[in-house]
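Trainee: Keeping their order, the protein sequence lines are chains E and X. For what it's worth, our numbering labels the leading residue of the first sequence as 1, then goes sequentially. For what it's worth, our numbering labels the leading residue of the second sequence as 1, then goes sequentially.
Warning: the hint list may mix true and false statements.
Any copy will do: because identical chains look the same in the list, a pair fits if it lies in one copy or spans two.
What the hints assert, rightly or not - Lysine to aspartate or glutamate pairs mimicking EDC-like chemistry, simulated, CA-CA at most 16 Å apart:
1. 230 - 189
2. 707 - 469
3. 580 - 567
4. 83 - 61
5. 29 - 186
6. 598 - 664
7. 310 - 103
8. 65 - 610
To be clear, the hints were calculated from the coordinates, so they are not data collected in a lab. It should be emphasised that the depicted structure is a prediction, and the values quoted were computed from it without experimental measurement.
Number of protein chains: 2
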Amino acid sequence: MLKNILFFATCLMVVHLNAQTHPFLFLNKQDARTLLQATKSNESISVLKASFVETKKEVDEYVGKEVDVPIPKDPAGGYTHDKHKANYMLMFNAGILYNITGETKYALLVKNMLLKYAVLNPTLKKHPQSTSPFSGHLFWQSLNDANWMVYTGLAYDLVYNYLSADERKKIEIGAFKPEVDYFTIDLKDWYDRLHNHSVWACAGVGIIGLATNNKDYVDMALYGTDKKGKVGFIAQMDNLFSPDGYYTEGPYYTRYAILPYMVFANALENANPKLKIFEHRNSILQKALITCLQLTNINGSFFPLNDALKEKDFTSNELVTAIDIARNRYGNDNGLLTVAKKQNRVSLDKGGLLISNALKSNKIENVFPYKSIESTDGVLGNEGGLSVLRNGSNENLSSLVFKYASQGLGHGHFDRLSINVFDKGNEILQDYGSARFIGIEQKFGGRYLNENAQYAAQTIAHNTLVQDETSHFGGDIELGQQYHADKVFSDFTNSNVQVVSAVDKNAYKGTELKRTLFLLDSIEGRKYIIDLFTSNSNTVHQFDLPFHYNGQVMSTNFKYATPKTLETMGKHDGYEFLWKEAEAEMNQGIAQFTFLNKDKFYTISTLTNDATNIYLTRIGANDPNFNLRSETSIVFRKTKQSPVFLSVVEMNGFYDTRNEFSYDSYANVKEIKILQQDEKTTVFKIVLKNTTLLFALSNKSVDQKEKHDVTISSEHIKWEGPYYFKKMNN
Amino acid sequence: MLKNILFFATCLMVVHLNAQTHPFLFLNKQDARTLLQATKSNESISVLKASFVETKKEVDEYVGKEVDVPIPKDPAGGYTHDKHKANYMLMFNAGILYNITGETKYALLVKNMLLKYAVLNPTLKKHPQSTSPFSGHLFWQSLNDANWMVYTGLAYDLVYNYLSADERKKIEIGAFKPEVDYFTIDLKDWYDRLHNHSVWACAGVGIIGLATNNKDYVDMALYGTDKKGKVGFIAQMDNLFSPDGYYTEGPYYTRYAILPYMVFANALENANPKLKIFEHRNSILQKALITCLQLTNINGSFFPLNDALKEKDFTSNELVTAIDIARNRYGNDNGLLTVAKKQNRVSLDKGGLLISNALKSNKIENVFPYKSIESTDGVLGNEGGLSVLRNGSNENLSSLVFKYASQGLGHGHFDRLSINVFDKGNEILQDYGSARFIGIEQKFGGRYLNENAQYAAQTIAHNTLVQDETSHFGGDIELGQQYHADKVFSDFTNSNVQVVSAVDKNAYKGTELKRTLFLLDSIEGRKYIIDLFTSNSNTVHQFDLPFHYNGQVMSTNFKYATPKTLETMGKHDGYEFLWKEAEAEMNQGIAQFTFLNKDKFYTISTLTNDATNIYLTRIGANDPNFNLRSETSIVFRKTKQSPVFLSVVEMNGFYDTRNEFSYDSYANVKEIKILQQDEKTTVFKIVLKNTTLLFALSNKSVDQKEKHDVTISSEHIKWEGPYYFKKMNN
């Protein structure tokens, strides 16, 4: 078994550790000398030089001052929390500066702080503000203590040479051992998990192990507390990403997890390059990084899948370090420089210098090389996945995100077959992301708010189908974790006609959900998304398909009533948070709804031949602490055994406020018609102003070679494979 | 009388006109030659060159094609409206290109179009979509026809030399005369007004007069249809601005009016420099421009006073031309280059070239030189005004806008003594601006929406006091137009302690409203606004003071109830548009309300010793077409004869999402106390964490020399002048 082979290789490595010269984990003496030269260079200011000056400025504020290492008391956002967080970054940065500049004042700062932790840590018990079984000592949750271990371990290596043997002993026994013991003994079950928090924990224990030359620690880091390899860092590399680098919790969490992966792998590579850790599992860390970057909007923000905060983007500190290490270890660019350019700072290491030098070229593109991509989910790549259909370039990039993945662990949402749409850098059809104000004490100590589980994770908060006002899997995470959706087929070969289809058979017992999406470009000069969402049930249900649009209502082609007092859409599963601002009923033709997002119009046209109730909603009900953002959706409701939701999202026109013109502000969609819908085939047409689009889908087979034909009112349509598309002039 | 002197001087000028060589109004042959050189320059791309290329690209699309001059049919946003609008810009730009490049294809394009208008215009009657008595012919409103005259008149001058005598005659009689006659005969009453729309009309008639050498037109342009000078362009310069250049409708309208002022003045200057039109009324046009620029946020958007659209900023086309002309005529900079840098394009004239050359320097600041300013309102400067208190620089600029002006004509709002607060480029306490989607046909043809008068103009939509749920002057514009508020005193000498006070005695019969504002800096490292709003009534009333905050609720120090169904705040005067999202009651201490705007916290602390009801509201009720934005306010209500509203707006802390830290997210205000409040004196203190601020105001006299003293619990406070301020450690 590969894991066992690696296990023994690592045992050898640890023996070699004795010969290491400190520092060697984040940077070594040679690196430090090169960095010093770069900061002294007289040429026009480089990003590295600016980052160095910035770091120096931050650290110099504390040099020569009494350092505060307070007794832990506050939750996130409170003083002691923020202080300990600031302390570990300060120690890490001061340690780097000590090596680059050679000035002992920086080492002294680290030493003093480490010695204070050596006194404090042995006295600590469960944090007073803890609300979970995984309490930290220094912080309210163990995860933050793991962060502390990673940075403090690196800082220790950076000032190792400055410390006396006695000081080292004090620190290793006082500052580090209580933390390592707490994680590997008291929190053993938490530590021995395959989960991003535990990646931090293993990296923390491993970095401390390498820094203190403690074989026991390193072994537990790599292979779990029992050192058998079923858990621990290597298993985390093997089990937390799909083969193409998708992390089941979503890109927001990849961002967070990638740092300990990269930093610990980097330290391991320095300690023993024979381990070839960066090549492990077909360079899985590189794949994880690139996949994470592909799953961003052009402004760099991560697609807000699962519990994601929208304000986070790829300029976050974690990704600065991760990109710098990746550049050093994997060499090639892959668009990393476009990201580094926006980050506009580098870590003070070898990779940071490489990036900084590369950034001196003015030939670096402004936008990451986004493309249509698919990522499988699950360690074997067989638990559904994610498709991102894209067209347009630079500012005109459009991204249709289609999620048919598994639950995504504890941070997963009940969002099977949901879509998000980005256009021109804006969220057009949005996912709420998570309800949390991280780092703000007033908002429940910066933790996930109750409204996160009660609203943000519920199905109605996503652009997907809800049956009987109940979330997928009845909102049961354990149940949801057992199942995933599956891709049926996809085809990106024609960039003007991209298609993907996926099915879910488990979100609702007895109901099969299937969604097929086309992303079209250059149709009468516009972009269109065609959205066919079918549900196949054994009985009549109420089905709701919400589109969480982002913008101001411009017009509708249907009459609606607006109530004199606002009431909620429902009583549970997230419906209780939605005010019902308007309602309408239709039973023929198409309902059209146009909204304006910044300077562009978007129209949703949906077929209403099945009797359809339409609701306009706004978040805000039953939110006594104003924890949720006030956002809107249009919900299409059909109560039927197996309704078909067939909609077109049209990206039409442009609003030029400077010249007070609006161009093409009306939809081109004139008619939507299902021509055939049975077990074998679905045929439908969409009539635009001057063009008719004809679609046919093979419902039973996606075999590329299989031939299909169907006759619609004397017209014969023939095709091979899963779908047919034809564009005709009217 | 000055006006009459000018009148005769102009008569002389018109006689001189005969000798003019075309073109001479927007640019002349010499200018054209210089511009050609500049566009041919090999040096790195200049703004002028880029503007030239851009203009050429736009125009070249139409060269050699059949030009469409459709029969007027649609309102704003519709095809014929947009086409005629595009046409006059196309003629103007093609005329410029003809002169710069010498290529006759551009002149031909203009000629063909002019000849089509010469056929169309004599056939036109009142526009079919007109909704006002001031209908246009080519457009739904006469104002747009005036725009057409300005640009088409300039275009005519630009291609004059290319036209045969016969063509000239056809155009002058067919295209121009019907428009001029319509304005000066049919719409005589509208034309002969002192109003920004009529500035466009006079400029249009005047430019056509100059271009066609028609003395009659020029005289009517300068002095009104009766040529007596009580109206017309000169009277508009004399009467539409206050002596320091404030335009009573607000900066959004200055932006719009400044173009015809500058363009016609420029043409007059070219025709007869002896008129010294740019020096007229102490260079009023320069003052108007600079004042308009000062009344912007650092992102360039105009303060949304009165009927203003927030998406407009100083990069609008009108201000590009205005700034280029001003630079040429007034020479000095005054920060114009900072604006031109953001505009990143210039008009193709002498001023545009000057600006473009100046922009080659990389020493131009990024931010306009904003400062605390005061503008009087009214032609004599005695109708109240506007104070803008500012501190901080660049991105950290804070602006407190205090409006105690007159009604502001038809676009005025009932907003006496209202404030707006901007900080870090964001609107913190906002004015709704106007309810309008200009240029969007679906939204009432782009016109002002009904909700503009019904909500946006009402008092409750502003950060000022509302008595008995009724707007100022009962919402009667005619009545409002008769009165203005008045400044009591102001003092900006200490940039850390700026103060202004104003009073209104007419908004509510029998009630005197008085507001005194301090903008403080560097108090415990933070900025504070102290807001003392008193009302002096002869009987008990209900008083509401709303703060239209922009952000997410973070925390309150008071308990509130949130209802299960939403109802409106009231039934009329704008209250019917507000949902009541929460309510609370307090009768002692202070109410504190913290919200987060982007990355900064703001706390409103208000004294509630008078029983105070507190409401959190959201716009959206009774808005069947979703014409309003969903925005929020906190309303403090006191029902009393003469209540005092004493509040502190604290700008506290910073939310660092990258590092997940929040700094100083709690308010420092601990106590607010009124120590004395009588006819003669108001004394109050504000206790912060470590500092106490003591304020005293002389209510009866603002004489700088007058001495005041008061004894508060054995402490003697003495001062001279209208106010006293002292900062003490706790």
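Trainee: Does each hint fit the structure? Answer for all of them.
Mentor: Now the hints, each set against the structure:
1. With identical chains, the CA atoms of residue 230 and residue 189 are at most 16 Å apart within one copy only, with a shortest distance of 13 Å there and 90 Å across copies.
2. In this homomeric assembly, residue 707 and residue 469 never come within 16 Å of each other (Cα to Cα): the closest approach is 40 Å inside a single copy and 72 Å across copies.
3. With identical chains, the CA atoms of residue 580 and residue 567 are at most 16 Å apart both within one copy (6 Å) and between copies (13 Å).
4. For a Cα distance limit of 16 Å, the shortest separation of residue 83 from residue 61 inside one copy, 14 Å, qualifies, whereas the shortest one across copies, 62 Å, does not.
5. Taking identical chains as interchangeable, the C-alpha atoms of residue 29 and residue 186 are never at most 16 Å apart, the minima being 37 Å within one chain and 88 Å between chains.
6. Proximity of residue 598 and residue 664 under a CA criterion of 16 Å is satisfied intra-copy only: 15 Å inside one chain copy versus 33 Å between copies.
7. Within a single copy, residue 310 and residue 103 get their C-alpha atoms no closer than 40 Å, and across copies no closer than 53 Å, so neither meets the 16 Å cut-off.
8. For the identical chains of this complex, residue 65 and residue 610 are neighbours neither inside a copy (73 Å) nor across copies (48 Å), given an alpha-carbon limit of 16 Å.
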